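If you read the protein sequences in the order shown, they are chains A and B. Position 46 of the first sequence, counting from 1, maps to 47 under this note's numbering, and the rest follow consecutively. Position 395 of the second sequence, counting from 1, maps to 476 under this note's numbering, and the rest follow consecutively.
A couple of the hints might just be wrong.
Unchecked claim - Footprint (simulated), chain B over chain A, 3 or more residues, beta carbon under 8 Å:
hint: 1; segment: 148-154
hint: 2; segment: 166-176
hint: 3; segment: 181-188
As the list claims (entries may be wrong) - Beyond 12 Å from chain B on every Cβ pair, some chain A residues (computed):
hint: 4; residue: V99
hint: 5; residue: D129
hint: 6; residue: Q133
hint: 7; residue: C135
Just so you know, these hints were derived from the structure itself, not from any lab. Please read all numbers here as calculations on a predicted model, not as lab measurements. Beta carbons are placed, not taken as given, at the ideal position from N, Cα and C, and that holds for glycine.
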Amino acid sequence: MKTDIILAGVGGQGILTIAAAIGFASLYENKFVKQSEVHGMSQRGGAVQSHLRISDNPIASDLIPLGNADLILSVEPMEALRYLPYLAKQGWVVTNSVPFENITDYPSISRIKDELRALPNSVWLNADQLAQDCQSPKSSNIVMLGAASEHLGLSMDSLRAGVEQVFSRKGKDVVDANFRAFETGRKFTSKLQIN
Amino acid sequence: MQQLVLLGAEAIAQGALDAGISGVYAYPGTPSTEITEYIQKNRLAREKGIHSQWSANEKTAMESALGMSYAGKRAIVCMKHVGLNVAADGFINAAITGSGGGLIVAVADDPSMHSSQNEQDSRFYADFALLPVFEPTTQQEAYDMVFAGFELSEKYGLPVMMRITTRLSHSRASVKTREVLNQNQLKLPEDPRQFVLLPSIARKRYKRLLELQAALLKESENSGFNPDQPGNDHSLGIIACGIAFNYVQENYPSGIPYPVLKISQYPAPIEKVRKLTETCKSILVLEEGYPLLENGLRGLLNNNPIPIHGRLDGSVPRDGELTPDIVANALGIETKSGPAIPEFLANRPPSMCKGCSHIDTYYALIDALKPFGSGRTFSDIGCYALGALPPFEAINSCVDMGASITMAKGAADAGLIPAIAVIGDSTFTHSGMTGLLDAVNENSPITVIISDNETTGMTGGQTSAAYGRLESICLGIGVPANHLRLIIPLRKNHEANVAIISEELNHHGVSVIISRRECIQTAVKHKKVHNS
Numbered sequence: 002m003k004t005d006i007i008l009a010g011v012g013g014q015g016i017l018t019i020a021a022a023i024g025f026a027s028l029y030e031n032k033f034v035k036q037s038e039v040h041g042m043s044q045r046g047g048a049v050q051s052h053l054r055i056s057d058n059p060i061a062s063d064l065i066p067l068g069n070a071d072l073i074l075s076v077e078p079m080e081a082l083r084y085l086p087y088l089a090k091q092g093w094v095v096t097n098s099v100p101f102e103n104i105t106d107y108p109s110i111s112r113i114k115d116e117l118r119a120l121p122n123s124v125w126l127n128a129d130q131l132a133q134d135c136q137s138p139k140s141s142n143i144v145m146l147g148a149a150s151e152h153l154g155l156s157m158d159s160l161r162a163g164v165e166q167v168f169s170r171k172g173k174d175v176v177d178a179n180f181r182a183f184e185t186g187r188k189f190t191s192k193l194q195i196n
Numbered sequence: 082m083q084q085l086v087l088l089g090a091e092a093i094a095q096g097a098l099d100a101g102i103s104g105v106y107a108y109p110g111t112p113s114t115e116i117t118e119y120i121q122k123n124r125l126a127r128e129k130g131i132h133s134q135w136s137a138n139e140k141t142a143m144e145s146a147l148g149m150s151y152a153g154k155r156a157i158v159c160m161k162h163v164g165l166n167v168a169a170d171g172f173i174n175a176a177i178t179g180s181g182g183g184l185i186v187a188v189a190d191d192p193s194m195h196s197s198q199n200e201q202d203s204r205f206y207a208d209f210a211l212l213p214v215f216e217p218t219t220q221q222e223a224y225d226m227v228f229a230g231f232e233l234s235e236k237y238g239l240p241v242m243m244r245i246t247t248r249l250s251h252s253r254a255s256v257k258t259r260e261v262l263n264q265n266q267l268k269l270p271e272d273p274r275q276f277v278l279l280p281s282i283a284r285k286r287y288k289r290l291l292e293l294q295a296a297l298l299k300e301s302e303n304s305g306f307n308p309d310q311p312g313n314d315h316s317l318g319i320i321a322c323g324i325a326f327n328y329v330q331e332n333y334p335s336g337i338p339y340p341v342l343k344i345s346q347y348p349a350p351i352e353k354v355r356k357l358t359e360t361c362k363s364i365l366v367l368e369e370g371y372p373l374l375e376n377g378l379r380g381l382l383n384n385n386p387i388p389i390h391g392r393l394d395g396s397v398p399r400d401g402e403l404t405p406d407i408v409a410n411a412l413g414i415e416t417k418s419g420p421a422i423p424e425f426l427a428n429r430p431p432s433m434c435k436g437c438s439h440i441d442t443y444y445a446l447i448d449a450l451k452p453f454g455s456g457r458t459f460s461d462i463g464c465y466a467l468g469a470l471p472p473f474e475a476i477n478s479c480v481d482m483g484a485s486i487t488m489a490k491g492a493a494d495a496g497l498i499p500a501i502a503v504i505g506d507s508t509f510t511h512s513g514m515t516g517l518l519d520a521v522n523e524n525s526p527i528t529v530i531i532s533d534n535e536t537t538g539m540t541g542g543q544t545s546a547a548y549g550r551l552e553s554i555c556l557g558i559g560v561p562a563n564h565l566r567l568i569i570p571l572r573k574n575h576e577a578n579v580a581i582i583s584e585e586l587n588h589h590g591v592s593v594i595i596s597r598r599e600c601i602q603t604a605v606k607h608k609k610v611h612n613s
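Next up, chain A with everything else stripped away, as it sits in the complex (with noise of 0.2 Å):
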């Protein structure tokens, strides 16, 4: 088992949260694990990425080679595209479909979900809403961990412990409000697919 996974967005918007929740899991299950993150100045409301590599066998490079990645997992819809070199041919995106409009350049809504609606596989969802709707508003990049959950190559137990090992110091409350993040991300992720 191999599965290499871009997670894209903007500085801030949490996706380390969502790394850091997948590799707990994939600890839970023995796995290698390499996790490549952006610190410092691009953290200041610009795009960030991380490559997150999980493997059976010890992984060689921090960084997925270009047309590798089983997966891009985006909190925020144009930042999706940023990275679609990585992905590999029958590779899945998963996008929440709210914009984070920082920039005066942004492009339509609309180009940007017909270029996600040409590839194969992907999966677009309001995130903001979805967490709001199960009374987790903060929770949005955890629902969005649900609902790519099926492409990560790990059972829905040790992403559920990953999920509470994150949220452990903040108390039950949050651990809770970001179990039902994660459900709702998975009820959604199979009716979300972009015909």
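With chain A fixed as given, assemble chain B onto it according to the hints.
Positioned in the frame of chain A, the structure of chain B alone reads:
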């Protein structure tokens, strides 16, 4: 023993803790900051009283670490690559004095300039200083090399460089830890004149350093960090330094067909390199950084019996960090790619945060400068350097730590009056104060705006060295009290702030305007702590 998932930077920190350091010294700088932060957050380190407070700059950090080493204890000093420029005086001369307790200089280079103004390769500094370097390939090696580095340092009485790059520093993987070593006892140098670099002593110390080179080379030849592995296909031999080795492996999942020499300990193991060149028909050198080894291998006349490929013949791009795909191309392996990035995709550069104090400072400055015209604002290293981008386009320079004040002075000397410097509070105490003294001594017609957000913002909100003391420092340097002004950068104060800046721009002498409001990032953190 434990199994931990650590960033490369954190692996160095954990290694340093486990190898018995008594102190870490550093000034924050991406991608090196996390080494020190990890030690600061470590409960055991606090209980043991291990020093971890930030230094005012990399030079003071380097020298403090050398002092701890003088006293017989193990110390690590951490900085980003350009920080080593600041610490270079201490670093180069520490090679001459030598060390006492083990001394590691951890330097994080930033090829591709993710968060830096250049991509200089610190291995050149070590080569210049005649000091050994460790360059880890993995997070585990980063951890293990701290132990090896301290051992080597204490064996030869020399500082040792640990060189990493952004990719390893900011990538996580599993690390197995070792048994924790005790700290060293306090111990003075056996030779009381070891650290006294008067010329007569320095000449002897320098000869000793030169004499040690043969032994350091032998250490590299025998080092387990420099393994050479055989291959069946001798049409090519590969030299892969540090993290470059990972990309070679990535491209040959079922084994590398060519002989490979991985180099992670310098001086480069010349005999191993010679063996490779004598048994292969061509050589590919893969280095994360400048072509240090490739240059040496080619030599000045570049008349080698076999072709040498690398950054200098275009097999690998001359600049930027390596990737698995770049290495694949250099190896003639076909690469894949997913769909192209759509043309309409917009860039999303970093920007100042919503509510950032620098924003209000710049808007006030822009209005105050209208009568004088633009092109006269020198700035510095920090979040406020983003003031170069739209919608502000408010600054005309960002060069090195502290350069805003001194460049403004030089421009004013040339007749560009008034000249303005915009500098952050932490950058001011790092390297701005001495330049301000120059300006005060000549009463140069410059206006210095210290955009004081009460923290070291860009690297994540570390303590600012002169928190609460900027006014007294400026007065102490000799800034006249009536030209030391304070403004609060808020939209509601805009008109008043423009008026104050205008007054000082019209003053024909040194003015300092402190524009003070807490960083919005640290303010939010403080509020959370306060509420909980």
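query = Checked against the structure, which of the hints given earlier come out wrong?
reply = 1, 2, 3
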